[in-house]
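Asker: For reference, the chains in residue letters:
Number of protein chains: 2
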Amino acid sequence: MEKKYVVGIDIGGQTAKIGIVDARGEVLAQTVIVSNKHTDAGEFVDYLAQTVNTLIKQTDVEGQIRGIGVGAPDGNYYTGEIQGAMNITWCGDKVIPFAEMLSKATGIPVSLTNDANAAAMGEMTYGVAKGMKNFIMITLGTGVGSGIVIDGKIVYGHDGFAGELGHTCAVRHNGRHCNCGQNGCLETYASAIGVARTAREWLDMSDEPSSLRGIENLTSKDVYEAAKHGDQLALRVFKFTGRILGESFANFIAFSAPEAIVLFGGLARSREFLEDAIVDAMNENVVFLWKNKVKLLFSSLKESDAAILGASALGWEL
Amino acid sequence: MEKKYVVGIDIGGQTAKIGIVDARGEVLAQTVIVSNKHTDAGEFVDYLAQTVNTLIKQTDVEGQIRGIGVGAPDGNYYTGEIQGAMNITWCGDKVIPFAEMLSKATGIPVSLTNDANAAAMGEMTYGVAKGMKNFIMITLGTGVGSGIVIDGKIVYGHDGFAGELGHTCAVRHNGRHCNCGQNGCLETYASAIGVARTAREWLDMSDEPSSLRGIENLTSKDVYEAAKHGDQLALRVFKFTGRILGESFANFIAFSAPEAIVLFGGLARSREFLEDAIVDAMNENVVFLWKNKVKLLFSSLKESDAAILGASALGWEL
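The listed protein sequences correspond, in order, to chains A and B. Per this note's numbering, residue 1 is the first one in the first sequence, and the count goes up by one each step. Per this note's numbering, residue 1 is the first one in the second sequence, and the count goes up by one each step.
Wrong hints could be hidden among the right ones.
A pair counts as met if it fits within one copy or between any two copies, since identical chains are not told apart.
List of simulated lysine-lysine pairs, DSS-like, C-alpha gap at most 27 Å [said to hold, decoys possible]:
| hint | residue 1 | residue 2 |
| --- | --- | --- |
| 1 | Lys94 | Lys295 |
| 2 | Lys153 | Lys130 |
| 3 | Lys293 | Lys153 |
| 4 | Lys133 | Lys293 |
Just so you know, the hints here were simulated from the structure itself, not pulled from any lab data.
So here's chain A without its partners, still in its complex pose (with noise of 0.2 Å):
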């Protein structure tokens, strides 16, 4: 039987969402599991398996997957390992060979990569980024990601870990402490995470007045809601934001010399406060071949789509 279907796998902190899809990147069928309640991986990946052997019987394509495709954090494509992820359950400090279990677990070949990978695949096949051969994919999320392609793509690099540009140094001196370690990392600033403590840092610097003061576990969806309401002070740190992204933006395109930056995720969502503060300062910054000449896009594939469709793009190669 000819095998015109891929299941593509997106593997997040908190759930797993699995989808079936066809060569025109329709999702045929999707479904969500939570992927924080095991600690062991075997377990997880029996769990994933039993979800994704009913959901193709319930779609009536037994027998006619090409192969599974899926994006993890730290999921490395060469040796089909995910390795470190500190915010996944079941993995922590360890090296689980993910790929190898569930294609066992499935009888389905496996291929994986990281997430953001995964999405610029996604925004690549088809997205925003449709057509084009040179372009830096940025997910802003708790972190930020980044998936770099050149030539029609996928960077991987020497070991597979290539596009690490959320731990490139954003502010060199007296920059904040990161989770991998080093200082002034540009995930530090620009994620979910890094617009909070901005905020947080800024509130307790003065005594300008905001509607964000006494606020308790500040997010930056509290940012974004006071921004949306004219706080001066919320609006700033998207400015600040932005422009900390653009300067480093800067930096990628001397390396690659992308047709197109593409933002991604759920920080990119506050697109009216970053997007113009983010182009100013790219422009600002980079070298005067590339000023007013590098895109900035913003992902159009709704979010709960384009991680599957990213993933499953992978499929396709097996």
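Dock chain B against the given chain A, drawing on the hints supplied.
Answerer: Structure of chain B alone, referenced to chain A:
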């Protein structure tokens, strides 16, 4: 007749080196002409073409040349043009369709790229990066150039200008002014000119005794000689330069996860004073994944051959 030779041409601000190369990377014959006597590109190309044809005739390989590969500052692989090379007397801010002109004048197909990319091809084909699929070439000369190799291929990017790592920002605030119009570019610190600039700044800022005091038009060569003789200020200048390089390399690694960074060019000959500082700063600043894993290599090709060999490697593609 089988075309089993290529011509490699390296164009610099003062001279152009021309060589005839066989498939094993043997330079059969070579010559040098001045490149800064003409202000008209057409006249220079005619002079160059004459020299090439004479060399071919003298070497008795007429009709056996597969192609000519050219490495030139601001050379664009996609268009074959030299675009705004300020240090080239017959270019300046103009756009010169160099590949087309030279091909017409010699009757031989011509392929062109920038000098750093040519150097990277040379190292990959014949030098310390032989067999490597992922590395970054950094040329430390008057300026700082770069050639990035991913998956065995030079990265050209969307417009052919990828790899301007000398113009990534090394010092964000109060950085030195760069010829490119930006401030704080890596090139303003880590080039031959940058080293001299650091030494001059430090001499001005203190009255620390140094053998460098009183030297007019201080150059990086003076700093090197002083370091050789144990001059403490000169030694610290190299340490500082190495640290800036290492910090930047840590960011480059996060982009493409290379197997090695390869240094080439005049300033790379100060290896004894730079190497430890670079390696230390690189490993201190890089994401933990790559700590002590990415090699720092120095070009092993004879400088006179390397440029010709690198450019000639392009000739085989024709």
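Asker: Hint numbers the structure violates, sorted upward?
Answerer: none
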